[in-house]
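**Q** Under the UniProt record's numbering, residues 1 to 112 are what the sequence shown spells out, in order.
FYI, nobody ran anything at the bench for these hints, they're computed from the structure.
Just so it is clear, CB atoms sit at the ideal spot from N, CA and C, and this is done for glycine as well.
Be a bit skeptical, because a hint or two may be false.
What the hints assert, rightly or not - Have a look at the derived ranges for each label pair, beta carbon to beta carbon:
no., residue 1, residue 2, range
1, S104, I45, 14 to 24 Å
2, S79, M106, 14 to 24 Å
3, E53, G81, 29 to 39 Å
4, S40, S103, 27 to 37 Å
5, V41, E96, 16 to 26 Å
6, V41, R89, 18 to 28 Å
7, M106, E80, 35 to 45 Å
Unchecked claim - Derived DSS-like pairs: lysine-lysine, alpha-carbon spacing no greater than 27 Å straight-line:
no., residue 1, residue 2
8, K105, K95
9, K84, K95
10, K105, K46
11, K105, K70
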Amino acid sequence: MTRIIINTALKKYQKQAVYLTIDEEQMAEPEVEIDEEMLSVDFLIKIVQELPERYRMVFNLYTMEDYSHKEIAEMLNISEGTSKSNLARARLKLKERIEALRSSKMEEGYGK
Numbered sequence: 001m002t003r004i005i006i007n008t009a010l011k012k013y014q015k016q017a018v019y020l021t022i023d024e025e026q027m028a029e030p031e032v033e034i035d036e037e038m039l040s041v042d043f044l045i046k047i048v049q050e051l052p053e054r055y056r057m058v059f060n061l062y063t064m065e066d067y068s069h070k071e072i073a074e075m076l077n078i079s080e081g082t083s084k085s086n087l088a089r090a091r092l093k094l095k096e097r098i099e100a101l102r103s104s105k106m107e108e109g110y111g112k
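Full structure from sequences and hints, please.
**A** Put into structure tokens, the structure is as follows:
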């Protein structure tokens, strides 16, 4: 019975998920200007969608849906440690992506 509930919840989550198609031109030049004080919601959604699926699922379930690592582990049939690790790696990848874009914007500014 528990497995049925988990599978139903996962199917619902996957149906609600927003998938963006990104071509190489979009990856080469981000459309969103990065403001040091506030990153746009569209930009943040875009970089979250670029995460590998295992990281993205844990990130979304933990940060957006407020599930615990124990609940996520049960839903995804992984250990709690794996859930925590995937969340940490997702956050690191997001941080690296934002910092890389910020530094490229700064370099463009110096080149003018």
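**Q** It remains to establish, for every hint, whether it holds in the given structure.
**A** Each hint, compared with the structure:
Roughly 20 Å separates the CB atoms of S104 and I45, a value that falls within the hinted 14 to 24 Å. Range check, S79 to M106: about 40 Å between beta-carbon atoms, so the 14 to 24 Å window is missed. The beta-carbon spacing between E53 and G81, approximately 19 Å, falls outside the hinted interval of 29 to 39 Å. In this structure, S40 and S103 break the distance hint of 27 to 37 Å, their C-beta atoms being roughly 18 Å apart.
At about 20 Å, the beta-carbon gap between V41 and E96 stays in the expected band of 16 to 26 Å. Against the hinted window of 18 to 28 Å, the Cβ-Cβ separation of V41 and R89 comes to about 23 Å, which satisfies the hint. For the pair M106 and E80, the beta carbons lie near 39 Å from each other, so the given range of 35 to 45 Å is met. For the proposed pair K105 and K95, the alpha carbon gap of about 15 Å is at most 27 Å, so the pair holds.
Our distance criterion of 27 Å between C-alpha atoms is met by K84 and K95, whose separation comes to about 17 Å. With a C-alpha separation of about 18 Å, the suggested pairing of K105 with K46 holds against the 27 Å cut-off. Between K105 and K70 the alpha-carbon distance is near 40 Å, which puts this suggested pair outside the 27 Å criterion.
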